[in-house]
Amino acid sequence: MKYFVVAGEASGDLHASNLAEGIRLHDKEAVFEAWGGDLMANKGITIHKHIRELAFMGFTEVLANIRTIFRNIALVKEQIVQFSPDALILVDYPGFNMRIAKWAHQQDIKVYYYISPNVWAWKSGRVHHFEKYCEKLFVILPFEKDFYKKFNIDVEYEGHPLIDAIEGFRENKSSIVNIEQTDNRPVIALLAGSRKQEIKRMLPIMLKLPDYFPDYRFIVAGAPAIDQSYYDSFLKGSKVGLVMNQTYALLSQATAGVIVSGTATLETAIFGVPQVVGYRAGLISALIAGAVMKVKYISLPNLILNKKAVTELLQYQFSEKRLVEELQRILPQKPAREEMLADYAKLHEMLGQRGASVRVGEKIVVMLKNEV
Numbered sequence: 044m045k046y047f048v049v050a051g052e053a054s055g056d057l058h059a060s061n062l063a064e065g066i067r068l069h070d071k072e073a074v075f076e077a078w079g080g081d082l083m084a085n086k087g088i089t090i091h092k093h094i095r096e097l098a099f100m101g102f103t104e105v106l107a108n109i110r111t112i113f114r115n116i117a118l119v120k121e122q123i124v125q126f127s128p129d130a131l132i133l134v135d136y137p138g139f140n141m142r143i144a145k146w147a148h149q150q151d152i153k154v155y156y157y158i159s160p161n162v163w164a165w166k167s168g169r170v171h172h173f174e175k176y177c178e179k180l181f182v183i184l185p186f187e188k189d190f191y192k193k194f195n196i197d198v199e200y201e202g203h204p205l206i207d208a209i210e211g212f213r214e215n216k217s218s219i220v221n222i223e224q225t226d227n228r229p230v231i232a233l234l235a236g237s238r239k240q241e242i243k244r245m246l247p248i249m250l251k252l253p254d255y256f257p258d259y260r261f262i263v264a265g266a267p268a269i270d271q272s273y274y275d276s277f278l279k280g281s282k283v284g285l286v287m288n289q290t291y292a293l294l295s296q297a298t299a300g301v302i303v304s305g306t307a308t309l310e311t312a313i314f315g316v317p318q319v320v321g322y323r324a325g326l327i328s329a330l331i332a333g334a335v336m337k338v339k340y341i342s343l344p345n346l347i348l349n350k351k352a353v354t355e356l357l358q359y360q361f362s363e364k365r366l367v368e369e370l371q372r373i374l375p376q377k378p379a380r381e382e383m384l385a386d387y388a389k390l391h392e393m394l395g396q397r398g399a400s401v402r403v404g405e406k407i408v409v410m411l412k413n414e415v
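The number in this note's numbering is simply the position in the sequence shown, starting from 1, with 43 added.
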């Protein structure tokens with residue numbers, strides 16, 4: 044069967060690439076075309092538009108690029124029609140993908156949505172869009188099934204696909220790069236986001252930390268959709284290192300981390316790395332988000348555990364002074380570190396067993412075959 048996949052961000056590229064492998068296990072003749080990134084391309088999927096061209100976030104940036112976004116919507120519609128897939132698989136990326144879901148439903152294209160947008164955080168009115176336009180919604184956070192149940196919507200939860208990705212990395216010993224080289228100091232990982240605007244706001248603050256922790260080596264994880272030259276413009280003359288496309292290798296060797304809110308916070312937790320989470324948005328975006336957000340936390344570990352397991356430094360709390368204070372609390376032999384690691388153990392139990400991507404892939408294939 045033929046599958047067209049739309050993923051617009053780095054995390055979506057990761058999860059879509061693993062889902063494609065899950066589908067292939069149950070559909071040996073599966074053919075894919077997609078919008079995505081390098082991970083999907085490395086799985087032999089034809090990529091029509093790369094995620095580096097799609098990562099618009101925040102209200103002001105979306106408005107500034109609205110013409111490009113609408114051109115992209117028109118383009119992907121053309122490509123879907125030309126490919127004539129048996130199924131359209133939409134991966135997160137809600138502002139864009141929800142429009143495509145509605146259109147595809149009107150064209151009698153079967154739509155499967157993988158990874159629920161954060162409608163539990165805001166815009167809960169969107170929940171009925173999934174019921175109306177999608178064959179099935181697959182969620183990856185344990186509390187989401189109960190959330191949708193309140194709206195009488197049956198969704199599928201098969202566990203979190205990050206378990207697959209990280210366990211697969213751990214088993215592939217050849218992929219673990221020794222990022223320490225000749226410097227034997229313990230490593231503190233800096234994950235500054237996957238988009239240029241995030242990096243621009245937060246990386247300069249992170250780069251001030253080495254002066255306070257001379258016994259540690261600080262290393263930035265370069266995001267896959269960002270060119271190294273962009274990081275070099277910030278790191279020139281600094282005491283901070285950089286590794287590109289080696290985030291998991293870095294986390295596997297890190298003692299602690301300063302992490303921009305997003306999927307990376309959950310990855311860091313699964314690797315068992317104590318972390319300080321931060322986020323700064325533009326002023327207008329922050330004001331709008333503050334007015335409509337319905338959740339107590341923004342980091343995935345805290346949301347899943349429903350408690351403050353990791354410290355979140357938002358907006359102007361994300362400062363040099365607060366970062367130093369919070370990072371000191373989670374270094375070895377500190378009580379806060381041990382408490383966080385205990386919370387991580389509970390988190391891992393809640394995320395479910397390995398094999399989420401395979402189980403979701405199987406369900407999509409079975410649903411499609413039952414329709415034939």
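Just so you know, the hints here were simulated from the structure itself, not pulled from any lab data.
Take these hints with a grain of salt, some might be off.
Unchecked claim - With a straight-line Cα cutoff of 27 angstroms, these simulated DSS-like cross-link-like pairs (lysine-lysine) come out:
| # | residue 1 | residue 2 |
| --- | --- | --- |
| 1 | Lys243 | Lys279 |
| 2 | Lys192 | Lys45 |
| 3 | Lys364 | Lys279 |
| 4 | Lys192 | Lys145 |
| 5 | Lys406 | Lys377 |
This one's a predicted model, so the numbers in the text were calculated from it and none came from an experiment.
Against the structure, the hints come out as follows:
1. Lys243 <-> Lys279: Given that 27 angstroms is the threshold and the Cα spacing comes to 14 angstroms, the pair holds.
2. Lys192 <-> Lys45: Violated, at roughly 31 angstroms.
3. Lys364 <-> Lys279: Measuring from Cα to Cα gives roughly 23 angstroms; hence the hint holds.
4. Lys192 <-> Lys145: 22 angstroms, holds
5. Lys406 <-> Lys377: Violated - the C-alpha atoms of Lys377 and Lys406 are around 45 angstroms apart, more than 27 angstroms.
When held up to the earlier numbered hints, the structure conflicts with 2 and 5 and fits the remainder.
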